[in-house]
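Chains as they are written, first to last, in the working numbering: chain F, 1 to 599; chain B, 1 to 599.
These are computed hints drawn from the structure, not numbers from a lab. It is possible that some hints are incorrect.
If chains are identical, the list can't say which one is meant, so a pair holds when it fits in one copy or spans any two.
[Claimed, not checked] Derived DSS-like pairs: lysine-lysine, alpha-carbon spacing no greater than 30 Å straight-line:
id, residue 1, residue 2
1, K20, K189
2, K586, K575
3, K494, K586
4, K191, K575
5, K147, K494
Note that the structure is a prediction, hence the values are computed from the model and not measured.
There are 2 protein chains.
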Amino acid sequence: MADNYYSFRNLKFLTHELFKLSELNRFERYKEYDDEAILMALDAARQIGDRLLFPIYEEMDRKKAYYDKGTVFVHPQIKTIMRSLSAGGWIAAADDYEYEGQQMPLSLLNAGLYTFYAANANAAPYAFLTQGAANLIRTFGSEELQKTFVPKMYAGEWQGTMAMTEPQAGSSLSDLTTSATPTAEGHYKIKGQKIYISGGDHNAVDNVVHLLLARIEGEALGTRTISLFVVPKKRIENGELVSNDVNTAGIFGKMGQKGYVAATLMYGEQDDCHGYLVGEPNRGLPYMFQMMNEARIGTGLMATGTATAAYYAALQYANERSQGRPPSNKDVNLAQIPIIEHADVKRMLLFQKSVTEGSLSLLMQLSLWADIEREATGDEKEKAGQLLELLTPIAKTFPSEYGTQAVSASMQTMGGAGYCDDFPVEQYYRDIRVNAIYEGTTGIQGMDLLGRKVTAHNGKSMRLLMEEIHSTIDAAQQVEGLQAYANKMIEGVKSLHQCTMHQMQNAMNEKAEVFLSDATLYLEYFSLVTISWQLLKQAVVAQKVVNQEDKHHDFEFYKGKVYAMQYFLNYELPKTRGLHDRLMSKDTMTVDMEAAFIN
Amino acid sequence: MADNYYSFRNLKFLTHELFKLSELNRFERYKEYDDEAILMALDAARQIGDRLLFPIYEEMDRKKAYYDKGTVFVHPQIKTIMRSLSAGGWIAAADDYEYEGQQMPLSLLNAGLYTFYAANANAAPYAFLTQGAANLIRTFGSEELQKTFVPKMYAGEWQGTMAMTEPQAGSSLSDLTTSATPTAEGHYKIKGQKIYISGGDHNAVDNVVHLLLARIEGEALGTRTISLFVVPKKRIENGELVSNDVNTAGIFGKMGQKGYVAATLMYGEQDDCHGYLVGEPNRGLPYMFQMMNEARIGTGLMATGTATAAYYAALQYANERSQGRPPSNKDVNLAQIPIIEHADVKRMLLFQKSVTEGSLSLLMQLSLWADIEREATGDEKEKAGQLLELLTPIAKTFPSEYGTQAVSASMQTMGGAGYCDDFPVEQYYRDIRVNAIYEGTTGIQGMDLLGRKVTAHNGKSMRLLMEEIHSTIDAAQQVEGLQAYANKMIEGVKSLHQCTMHQMQNAMNEKAEVFLSDATLYLEYFSLVTISWQLLKQAVVAQKVVNQEDKHHDFEFYKGKVYAMQYFLNYELPKTRGLHDRLMSKDTMTVDMEAAFIN
């Protein structure tokens, strides 16, 4: 196993130098979070990662979760891990002090989350899915629901889930049929089947609390007639936990994340499954989208964590493994050189470095905006909120799609060794792939970006983003050594703008099918520009240090930052050219062609 | 499991309509191979695929090969499969009639091989690796070696292997240290360790015949002091098979192809391992490259087969699975539509279709050239040989790299179902990934293409290829409906030519490190143009049928062919723009930067 699964140094660069999270203490809520406190939190996260999570990462795959006679068995350490993440304050972290929370900024919490996911994206999700479910109850649930469920969830004793998907309703939630029948006692009777429910059932917790979407009896199909319910596996009667008629039919045999269960659940087979309405009837989908949007950021963090861990495994291997000689001097009497000296290997490593560091940066940027949106007022609040909303599909998708490619590059860096299970990279390769499917596939994200986000607020979000990018470009223009890259960025932004205008014309002149047909490509295009921007933003800080006359003791770190940006703008940003070509074209073949011609 | 793992119709299109293999019967060697005989062979292959190979594909993964106390256990059906492929004449197929062969053209043999790999790329390789090893003995081995080993190998009773890689010598074969000490009896004593030896040992055969690279005692390091030996697991003494001191230390835990063993082998631990020199001393590497070049084509076929099988699984799912509604009419009272109706799903399927059909076409093209090179004379022979040589790195790499992406698209088409083992796609995803590592990684192939193949014969190979492509363009110009695509192709070829000239200047003006630093990107660029050409070549035939006044009964098939070409030229060929940008740039960061900056 590799020695390192992430770079603490890099994370600290983001929290302390680039995004300066401590400046959030201008808000009353975050006033305890100075640089010192932030560093302590990062360090606490590292210790949990080092001691509890990373050591069992491979074992959770080799001894995967399994189902036997109605019970789901997970790695025995999951129980300890959930309790420890709770004890460390991580599950309740974002909540108010009076609710046992830490009023931790999301940006800091997500730095921790990234650490945990890099250490073990099979174990950590149990706790953070629970956090998301608890948040939802805290935000929209009655005081009684909060009191009954949240403390146990924050304690890591009860698992929380997000129970949405049904066999006939995956991407199309409007088709869900799980029903909720009102009773005289105030609760509802739930009946239906849910599939692919992450953390849906397991033996490390005493109870499982499903945040479940269902339709109240008599309501028509559609997305506006969906309600949200709390449906526990065991309900409380006379202070005792009793069965609530929620049964696990099995778990899925996933290619990766084999330690993190995805279950098929049957609700109300005996007509005795109680559900408790959250908030108002028929508001389930908007409520769930609070959790969904958090989960999309979480998915981006999970993908970034996994790709990071693979990158460090490959980097270590590339430094230790000798093979071949320089093309200009192949004298066999010379010792072989470490493979990291080969240009093609450097290229592959720089790809991994820039994808993971660019992704993490974007995710931290969005988390910071979420903090600002929560506490600021007026224009500042609005701006942060709109930017967060606009870039969420990118923060979910880029790390998932390019992260998957990055892990493939980690494997390629290692050659045959990367394909075999003496190293963890083959597991990272299997694990990361699910992120492009979780919480809305890439296709769904593309349509969300182009069909909703770009046009939202009369295009104001887009203008705000362009302002942000241009302010980075202006800063880069002032730094010796970055001008050429600032210019590349200008070109990138200009062509994205042109392409976006073209899409907007399509939106007006063409049917929705045509307008949205290449939304996935548009998302990639937008992502390449966005990540270039984040890397340039990092390079502005780093290049200034590099330019100092006295070499900084961390010179290599900063120089590496600049190289990561250079790599991305030299090798990845040019991919927008082909995308531009396609997205500006008038061809509509994927809309026009009959499905029967695909044979 | 999916119903179909490949399209017989498509294969027949290539053999009978596009490449017209029966025209090879102008050569005496292939005179039996008329259209009828070719069809019979394709059908025989299909039957083996349907009856023996495909049914155990998933089982070979679930009940993977394992090592126990010195013995490697494979699926019990492997024995039957090897014997059946032999009985069907497939192992000896390419050999002369007098050696029990069928004088089958390689193009037809490879059509069969593709069928077998699509059906089961865990089982079929045992037989075809044996074929390659036997060919090597037939070509360079003494009559005695041929007599002793080849019949048993052709019978599928003895496994053949290619024993090259050592712990310190993977891509760098010049560093191999396995030694061969001459003895008075004429044989050599072999001592050393080999790793990642595919088919290296297993219980479905009575013996394993290693085609092994070693250095004769006293020779210096380097590639010109390597010799080739036949080293059986058991040697024959007094008509009996006795141990030859070849021991299996274990097998690798691969992410995929878990039914196809890769072993670690110890030769001569008791100083009693006999090896028999093949051909001349110190000629081992050029000899091995006959097998290696065949194996590279074979790897392309394996990748194409796996990607094809994944494509048909995804296509079937996309036709059967309903989800969502058209963007312009989301009325929930309408039934959901099959997902194949969604533009983004069509796009993903067209990607899979064009990658697999383009790859197969290129592989058939190369196989045909190999047949011509073998039997033709003069310019025709030279031309076929040079084109084969030039495009081998592409025929190995494009199917491996883009095939891996295609299987990822198969998975994405299926969403969560694709990630789980109720369907075979997750296995295809794991299996296909190794092809970019087998037989020279993608990085090695890029350097081979740019550093050797493009410059070979004073650039004549390149000129020959350009002529071939232009003749397809000319044909396309004459077909109603293809002009626009012919023009795209002209542009693609022109920019590849320009980029190639630039690389040649680099070769003269820059050190080798710089010249070769982006060879992998150049390979991708070249591949995109080459595959576009093959798809256009197919479209020329198909569009003519589409243009007929009376609808051909197979109209959908031909129309689909044209769409696959259109997709590739509309969506994939534009990727060359970004690559062009990068490859024409003066930046040399991956050469200049110190490895320490990657941190």
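Would you pick out the hints that fail for this structure and give their numbers low to high? Numbers 1, 4, 5 - these are the hints that the structure violates, sorted from lowest upward.
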